[in-house]
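Construct all of the structure, not just a fragment, from the sequences and the given hints.
Number of protein chains: 2
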Amino acid sequence: MLAPEMSTSTRHRHIPASGPRRAIATVCLSGTLEDKLAAAAAAGFDGVEIFENDLVASPLSPAQVREHCADLGLTIDLYQPFRDFEAVPPELLTANLRRAAHKFDLMEQLGADTVLVCSSVSPSAVDDDDLAAEQLHALASLAAERGLRVAYEALAWGRFVNTYDHSWEIVRRADHPALGLCLDSFHILSRGSDPAGIRDLPGEKLFFLQLADAPRLEMDVLQWSRHHRLFPGQGVFDLPAFVGHVLAAGYGGPLSLEVFNDVFRQADPERAAVDAMRSLLALQERVETAAPERVPVLDLPAAPDLAGHAFTELAVDEVSGPQVSRALAALGFTHTGQHRSKPVQLWQQGGARVLLNAAPPRGTSPGGAAVCALAVESADPARSARRAETLLAPVLPRTRGADEADLSAIAAPDGTSVFFCRTGADDATSWLSDFTPTGAAPGAGAGLTGTDHVALTQPFDHFDEAALFYRAVLGLEPEPVTEFAAPFGLIRSRAVADPSHEVRIALSVALLRRGEWAPGVPDPQHVAFATDDAIASARAMRALGAPVLEIPDNYYDDLDARLAPPADLLAAIREYSVLYDRDEYGEFLHFYTEVLGSRVFFEVVQRIGGYAGYGAVNAPVRMAAHRRLRMVRAGGITDRALPGRTSA
Amino acid sequence: MLAPEMSTSTRHRHIPASGPRRAIATVCLSGTLEDKLAAAAAAGFDGVEIFENDLVASPLSPAQVREHCADLGLTIDLYQPFRDFEAVPPELLTANLRRAAHKFDLMEQLGADTVLVCSSVSPSAVDDDDLAAEQLHALASLAAERGLRVAYEALAWGRFVNTYDHSWEIVRRADHPALGLCLDSFHILSRGSDPAGIRDLPGEKLFFLQLADAPRLEMDVLQWSRHHRLFPGQGVFDLPAFVGHVLAAGYGGPLSLEVFNDVFRQADPERAAVDAMRSLLALQERVETAAPERVPVLDLPAAPDLAGHAFTELAVDEVSGPQVSRALAALGFTHTGQHRSKPVQLWQQGGARVLLNAAPPRGTSPGGAAVCALAVESADPARSARRAETLLAPVLPRTRGADEADLSAIAAPDGTSVFFCRTGADDATSWLSDFTPTGAAPGAGAGLTGTDHVALTQPFDHFDEAALFYRAVLGLEPEPVTEFAAPFGLIRSRAVADPSHEVRIALSVALLRRGEWAPGVPDPQHVAFATDDAIASARAMRALGAPVLEIPDNYYDDLDARLAPPADLLAAIREYSVLYDRDEYGEFLHFYTEVLGSRVFFEVVQRIGGYAGYGAVNAPVRMAAHRRLRMVRAGGITDRALPGRTSA
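In order, the protein sequences belong to chains X and C.
Just so we're aligned, residue 1 is where the first sequence starts under this note's numbering, counting upward by one.
Just so we're aligned, residue 1 is where the second sequence starts under this note's numbering, counting upward by one.
Some clues are possibly wrong.
The list makes no distinction among identical chains, and a pair is therefore deemed to hold if it is satisfied within one copy or across any two copies.
As the list claims (entries may be wrong) - Under the rule of at most 25 Å between Cα atoms (straight-line distance), these lysine to any residue pairs were calculated in the SDA-like manner: (1) 205 / 398; (2) 342 / 95; (3) 103 / 562; (4) 103 / 569; (5) 342 / 433; (6) 103 / 560; (7) 103 / 553; (8) 103 / 338; (9) 103 / 176; (10) 342 / 426; (11) 342 / 597.
Since the hints were made in silico from the structure, they are not lab data.
Below you can see the structure in the form of structure tokens.
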């Protein structure tokens, strides 16, 4: 059960078919047009918006693109964009209509019946709604002759038209059956417009719906839009409510993603397309919940409640295995069980459980220890697994012996296996029965009560994908994104947690992909255990010889200047290298071990009051301390060259 | 002469000693405090500003840091930052003075005599200049007791104090000898404040000067400041004028760099420190020019005029060598010379010269062809070389035979060798005499007249360094930065050119460092040759069998819709796969060859009128076409799978 083979194969055939059609703009994905169409089809999309630049660079003629899409099972729902058309002087109108005629010819060959026209940003345009309406009427007439439609969209930075109600006013005045609106969630929600008014628009005039989420950023809206859009559920916009309004108005077209994102533009399009599809499925579920009367029920099992971390599994090798075992023993853990058929040890202390797997799954990087799996307690493991599969999580093949627990596992975006189990259950989901007790009597321990969180560095291209994965698949809620300056570059961090904070996973990523100069711990991972008394735990662990990471005196001097903790507390945390943080909700005491192998370490945390963070303010100090240890051990620096307080 | 060994060794001993002292804030550089201090010292800085977070994470005590800096020859010119001090209620003042006392203790141990106090952003602060002045007076009194000084700085986003004249008004009212101003070019110039008023401030109250450049960005000023600052000469601020004002006021402290930059934060600190020092030396030269009476003369030879590209040298191997030779022949070049002692061929057509080096310098990546050197015509090669060396350019060791030309070469940030020469000269700087004529009669050619530009992808961490390198060392002027969406991610591009556009180098970089999904040409490089008639050249080259890159029909259809070129022109460029661009100054016709080896190709360009760009709008089309050829040749796609117009 505990060593599924890593696999990234997904089953894209079981996309729920009910509800609106799903589409994606080619601009969301990296690659040539051919790459993008293949990725959209593989992820199960029904249709695409074709971005002009993708077509222009393609060796396929429009007719060939049409044929290719048909072969892939994709419709072409929109051709985009047509810019700077309306409210211009007559001679420019002539040129613009000529340009439009060329594009309409192309659309006929392409088999796309709707063109997106963005509100003008041209310096030649004038502020005259009647003129805009008149010229759009002319455009719509030209389109109608060919059986095409024009969807007019207010850009958030349109020169005169930049709100959906203004674009509607122009469409209303133009009054042409081939002219309607394109609504884009980014353009509307980025400006803070109230989307509720969309409910009052006539549904038959809503020609197209483009969806994008975004983080809240203080920047020029055009830059925000062009570089930082996200798939629904990855940002801060209330898209379930937004889509609810649009559907309530009677919109019957596809839900189509249009996401400009610097990372997605250079990431594997097949993975990005799956991420995109997952975002739409999870969005549809939330829209249903908000407005059940409008949308057919999606065949998506609800996320069962989670009740905590069941275990965390580390892959170890000959060198790191004994090192991690010694560290666990010195943290007060006891080796209580041995797997019946595999070289896997169970270590326990209170509710904290760690598995050491000496025959790690294929794909686990060699040379040291790594977190290869995390397991969560699910109220209904089978339902959790069905939900995951429906949401396109790669399901891992199981290799289990007779009578061994039948646990479902999926692969998270970083390759970590995620198990759903019920540790205390009297059935096949209780994995504990796979272990033969070692007979070792639990020691006095060091006060650890359970697992507080697991912290995993994400692959650069998959940070936002990971947050959405845990949100959609496990039902965890993403916490706000934080960024901080670490010694070797900026770090972005975001935790996901269930509503009662029984399961917490802290995701992090370098703000820029690391290059040649990357002297920190590579892709660090750690498991944080909970204690009710960090100082007592630290004292007990020191007695046991735990490899606790030493923190510089300067840190405590600064802490005194900044937060003035009580003198006895300051003295104690200084003595035991415990770090400290405080916010408006409570306090946080935590300490770390040294790195075991190349990238894994442990943390012990005590939460006091309602402190809900992860001590990010202290992370740079931890990183510098880990770096120094690496250099000292590698012989790169000596105490003579750089005098100071070291553990060497 | 033509195969210097690659070396990145620099001589940091010859930093000009005249003029103000030079300092750098540790926050500019990546790494731990120890890494940063080592890098600053190696680059020849006189002093550092120590950023609090760097000290806090260091195992060195403040006294040890002091000692370590002294060993490295560095003074500690500023400790920073102290935030949110002034204009607060009494109980907060008490806490703030306690915090300050802690930091002053630390500064005494550190041997730093000046602390930076940033104008408050605290919600507890009130808008009361007299209160601010009174409390800063109290802080200055506390500092003065220890012989320390307080430098008060208006943050551009300070809550009440965000301009230098406002900060000066408060310092004036406080009237304490230990209280003065810190001026930061970013905070002043980002807001568009007129810095000329600085001339009227009393010099003895200017305690510190922090320098940063920046690109012009439309974003929140705090984000702009924290992520996108640049070293002087890399952005758009007029720093020579700014520094001129500050020196005119009588400022006598160091010129100190304080640059928050996401890329520099994760780049090799030793290289970043050299880049930083080069920026200060080049800035000082420009300040001198602007205000010669205020600054002692810097011992920096002026940049000689450049008169064009002398040659471009490609490293080739057994496979790519014949391929490139065939391509050059088909582009109308003639193999006119053979190096007297090395396996280097000279190919010429008009003023365009290419060297093919079959024994490329060590360090050149194997597997295909690569641009290993570019040579520029200098009015004074020896002076060019002296200037380069003074500006910390790595000087390449020369390996030349007796009687061979004595050319100086330096290494650009991407490792390309840069030679200074005088092709027509009757002396040792004429490299042509190193070649024995082959006796081959020049063919009819294909109309090429010279080298228009060399386009080089830069290493991710060194794009801004490269622009400054060419600006400072060669005296080329950077053109505006452009960004465009390419099939595999966003590309940033910036050209540098001499005032008469005889020498042009186009630098580009991926906006995000490429990851696993990077199917484009890796780090492409190309040499662009000039013609007076692109269509005639294309016709001639087709007759010669040149491997011209085929451009899709869709491109021409779109061009017709967008720019409506004359029908005969459109037909001709469509026939010959010539790309087209137009701007307010003129027109641009250009076409490309296929990729030769793994990354190099050639371009032919015709500039009409004053067109000064590089056809960036067409680059994505070229990239997609190159990608498709690679896939077709690798067997990754077949014409059946993806029907279309191909050259296969």
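Hints and how they fare:
In this homomeric assembly, residue 205 and residue 398 never come within 25 Å of each other (Cα to Cα): the closest approach is 51 Å inside a single copy and 73 Å across copies. Taking the shortest alpha-carbon separations for residue 342 and residue 95, neither the intra-copy value of 73 Å nor the inter-copy value of 59 Å comes in at or below 25 Å. Proximity of residue 103 and residue 562 under a CA criterion of 25 Å is satisfied inter-copy only: 10 Å between copies versus 63 Å inside one chain copy. Taking the shortest alpha-carbon separations for residue 103 and residue 569, only the inter-copy value of 21 Å comes in at or below 25 Å, while the best intra-copy value is 72 Å.
Taking CA atoms no more than 25 Å apart as the test, residue 342 paired with residue 433 passes inside one copy only; the shortest distance there is 13 Å, against 74 Å between copies. Proximity of residue 103 to residue 560 under the C-alpha cut-off of 25 Å is restricted to the inter-copy arrangement: shortest distance 10 Å between copies versus 68 Å within a copy. Proximity of residue 103 to residue 553 under the C-alpha cut-off of 25 Å is restricted to the inter-copy arrangement: shortest distance 14 Å between copies versus 68 Å within a copy. When the C-alpha separation of residue 103 and residue 338 is checked against a cutoff of 25 Å, the pair qualifies neither within a copy, at 68 Å, nor between copies, at 54 Å.
Proximity of residue 103 to residue 176 under the C-alpha cut-off of 25 Å is restricted to the intra-copy arrangement: shortest distance 20 Å within a copy versus 71 Å between copies. Taking CA atoms no more than 25 Å apart as the test, residue 342 paired with residue 426 passes inside one copy only; the shortest distance there is 22 Å, against 80 Å between copies. In this assembly of identical chains, residue 342 and residue 597 lie within 25 Å of each other by CA distance solely inside one copy; the values are 22 Å within and 50 Å between copies.
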